[in-house]
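> As they're listed, the protein sequences go chains A and B.
All letters in the first sequence, in the order written, are residues 1 to 306 by my numbering.
All letters in the second sequence, in the order written, are residues 1 to 285 by my numbering.
Everything labelled a hint here was simulated from the structure, so no lab data went into it.
Just so you know, not all the hints are guaranteed correct.
Derived EDC-like pairs (lysine to aspartate or glutamate); straight-line CA-CA distance at most 20 Å [what the hints assert, rightly or not]:
| # | chain 1 | residue 1 | chain 2 | residue 2 |
| --- | --- | --- | --- | --- |
| 1 | B | Lys193 | B | Asp183 |
| 2 | A | Lys159 | B | Glu45 |
| 3 | A | Lys273 | A | Glu59 |
| 4 | B | Lys193 | B | Asp170 |
| 5 | B | Lys193 | B | Glu178 |
| 6 | B | Lys10 | A | Glu107 |
Label-pair distances were calculated between CB atoms; the ranges are [stated by the list, open to error]:
| # | chain 1 | residue 1 | chain 2 | residue 2 | range |
| --- | --- | --- | --- | --- | --- |
| 7 | B | Thr226 | A | Asn255 | 45 to 51 Å |
| 8 | A | Leu299 | B | Asp170 | 19 to 25 Å |
| 9 | B | Gln272 | A | Leu25 | 36 to 42 Å |
All figures in this text were calculated on a predicted structure; none of them were measured in a lab.
Every residue gets a Cβ at the ideal spot worked out from N, C-alpha and C, and that includes glycine.
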Amino acid sequence: MTAIAATSARARPRTATSLRQWVGLLYVLPAVAFVTVFFVIPLGMTAWMSLNNWPLMGEHAFVGLDNYVAILRDTRFWNALKFTFYYTVIVTIAIFAVAFPLAIFIEKPRPLTNLYRTAFFMPAVVGFASASLLWSWLLNVDSGLFSPAAYDLGLTEKKVNLLATFQPAFWSIIAMVVWKVAGFTMIILMTGLQSIPQDLQEAAVIDGAGPFARFRAITLPLMRRTLALALILSVAGSILAFDQFYIILRGGPRNQTLTAVYWIFNQSFVSFKLGYGAALSMVLLAILVALSLIQLWLLRKPEGLD
Amino acid sequence: MAEAMSQNRKTAFSLARHSTGIIASVLFLAPIVWTVLSTFKPAQEARQPPLPPWPTTGFSVENYETLNAFGDGLWASAQNSIYVSVMTVLLSVLVSVLAGYGFSRFRFPFRDFFFVLILSTIMIPFQSILTPIFLVLTRLGLHNTLTGLVCVYVTLQLPFSIFMMRNAFDAVPREIEEAARMDGANNIAMLVKVMLPLVWPGVVTIALFAFLGAWNEFLAALVLMTDQSKFTLPVMMTALQSGRFGAIDWGAVQAGVTVMMVPCLILFLALQRFYIRGLMAGAVK
Chain A
1 MTAIAATSAR
11 ARPRTATSLR
21 QWVGLLYVLP
31 AVAFVTVFFV
41 IPLGMTAWMS
51 LNNWPLMGEH
61 AFVGLDNYVA
71 ILRDTRFWNA
81 LKFTFYYTVI
91 VTIAIFAVAF
101 PLAIFIEKPR
111 PLTNLYRTAF
121 FMPAVVGFAS
131 ASLLWSWLLN
141 VDSGLFSPAA
151 YDLGLTEKKV
161 NLLATFQPAF
171 WSIIAMVVWK
181 VAGFTMIILM
191 TGLQSIPQDL
201 QEAAVIDGAG
211 PFARFRAITL
221 PLMRRTLALA
231 LILSVAGSIL
241 AFDQFYIILR
251 GGPRNQTLTA
261 VYWIFNQSFV
271 SFKLGYGAAL
281 SMVLLAILVA
291 LSLIQLWLLR
301 KPEGLD
Chain B
1 MAEAMSQNRK
11 TAFSLARHST
21 GIIASVLFLA
31 PIVWTVLSTF
41 KPAQEARQPP
51 LPPWPTTGFS
61 VENYETLNAF
71 GDGLWASAQN
81 SIYVSVMTVL
91 LSVLVSVLAG
101 YGFSRFRFPF
111 RDFFFVLILS
121 TIMIPFQSIL
131 TPIFLVLTRL
141 GLHNTLTGLV
151 CVYVTLQLPF
161 SIFMMRNAFD
171 AVPREIEEAA
181 RMDGANNIAM
191 LVKVMLPLVW
201 PGVVTIALFA
211 FLGAWNEFLA
221 ALVLMTDQSK
231 FTLPVMMTAL
241 QSGRFGAIDW
251 GAVQAGVTVM
261 MVPCLILFLA
271 LQRFYIRGLM
281 AGAVK
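Build the full structure now, drawing on both the sequences and the hints.
Put into structure tokens, the structure is as follows:
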């Protein structure tokens with residue numbers, strides 16, 4: 001189709017038409033300028049800076065791959081990366097465990113469904129920074145909600161500081177992120193559920209398939225692209241996590257919750273090792289690009305359909 | 001008999017559904033409601049655990065007043081946030097409407113290359129290019145300015161909003177344009193008078209996403225705004241919460257959180273239709 005359209009366009013008298021078409025370049029120029037200045041050039045600079053020793057003040061010096069060699073020995077970066085992956089896996093499972101039932105709950109139009117959907121979604125429009133500040137208060141040992149409430153109810157002997165040790169601090173963050181993100185994932189999954197033809201489900205009911213058999217044989221396979229999308233969005237978002245760990249935990253307790261982005265932030269903007277920070281950024285960037293390629297593969301259209 | 005049974009089952013199902021719905025709704029809304037209510041406690045009471053969340057010793061806006069006394073004050077950072085968000089909305093809408101129209105209606109050299117270039121920036125996390133962005137802004141004289149931050153936010157919005165706008169323009173039949181051209185309308189006049197009303201829902205969607213994105217963004221604002229007078233609300237409130245201005249006043253922090261949350265919630269409730277549209281468009285692509 002497109003080939004035919006292209007030929008017929010070319011067959012028309014060239015000069016006047018194609019000159020008019022060039023105007024299009026003017027329309028997209030501002031966008032291209034923004035992306036070039038604030039994205040493409042910085043991207044190239046990251047690659048170049050990663051090959052340099054680049055302090056905030058003073059001259060930078062080309063050091064080849066030294067920064068990358070240093071990364072190999074940087075155990076704290078690898079620990080941060082390990083923690084980031086651990087967090088990503090746990091939080092993604094937790095988000096899906098909450099969002100999938102909610103998506104099924106609000107999928108069909110029934111009385112009050114819209115109201116419930118809106119309520120579940122509200123935390124998703126609040127920013128991560130606001131949500132983190134809010135929860136840092138709820139989790140505070142003296143002025144917060146959870147510890148004093150547990151103490152008042154007699155569940156704990158004394159007020160427990162949830163943010164002082166790794167396990168409770170980590171699971172508090174998971175709870176906060178699930179609260180904030182589940183509604184978003186729910187909407188994505190709902191669009192997938194709604195795209196499954198109703199007659200397919202009905203035919204399966206007539207054939208005597210139970211709810212679990214239907215879920216496995218119809219719902220899951222037909223939702224493959226939606227599931228993949230929700231999964232990738234959650235994974236990519238979690239690998240880049242920063243706000244909640246910075247605001248609620250400051251990377252603590254004992255630097256155990258430093259994420260990859262947090263470590264890059266520390267190296268670049270606290271220690272001002274800009275070249276080294278750029279090399280770390282290149283590693284993170286490679287991970288995310290690999291993830292995007294997996295995404296494109298998972299989201300490919302089923303063969304024969306376009 | 002059988003009918004009564006099924007009627008009973010229906011009632012039971014409906015009851016179970018609504019109790020689940022109400023419990024889940026309460027869980028999702030409670031932290032927001034808890035915070036907003038407790039900001040109206042007097043400062044003395046706000047230091048105590050929020051049990052119950054509502055003020056018990058009298059209604060007060062003391063927390064908001066305290067907040068306004070920190071550093072340059074709440075109002076100063078709120079103004080910064082409003083400026084950055086509104087400018088991001090205006091600029092990203094302008095740039096994406098033009099680009100969406102250009103990509104949809106013209107065939108020019110490198111068209112597909114430029115389109116893919118803009119969309120592919122979504123694959124690369126901006127967190128990894130913040131240092132060079134800092135250096136580029138310095139070179140442009142935009143270092144530590146709100147305008148510089150706006151430029152970064154606009155760039156981050158472009159892949160989504162240009163994709164949205166191109167699809168919106170693609171959905172407008174070409175006959176409408178040709179009729180307008182017959183009447184002697186030039187390109188810009190046609191875009192503004194004929195096309196814009198037709199793609200208006202798309203414009204509202206991208207404006208909403210641009211506002212929420214800029215209003216809530218934290219890391220870039222934290223890194224790029226080094227002068228306290230330029231802090232946006234999230235950066236200002238984090239500085240306050242970290243005890244940079246002395247002992248942490250949780251009442252004031254919650255007042256700040258409320259100021260940060262309420263515009264998002266109101267905009268979402270008013271424009272929910274457009275928000276879900278945007279999500280769907282993202283999900284289908």
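> Compare the structure with each hint and give your call.
Going through the hints against the structure:
1. B:Lys193 - B:Asp183: holds, 13 Å
2. A:Lys159 - B:Glu45: The hint holds at about 19 Å.
3. A:Lys273 - A:Glu59: holds, 13 Å
4. B:Lys193 - B:Asp170: Holds, at about 17 Å.
5. B:Lys193 - B:Glu178: holds, 14 Å
6. B:Lys10 - A:Glu107: holds, 18 Å
7. B:Thr226 - A:Asn255: 45 to 51 Å: Cβ of B:Thr226 to Cβ of A:Asn255: about 24 Å, so the range 45 to 51 Å is violated.
8. A:Leu299 - B:Asp170: 19 to 25 Å: Given about 20 Å between the Cβ atoms, the range holds.
9. B:Gln272 - A:Leu25: 36 to 42 Å: Because 37 Å falls inside the window, the suggested range holds.
In the structure shown, a violation is registered for the earlier hint numbered 7 alone.
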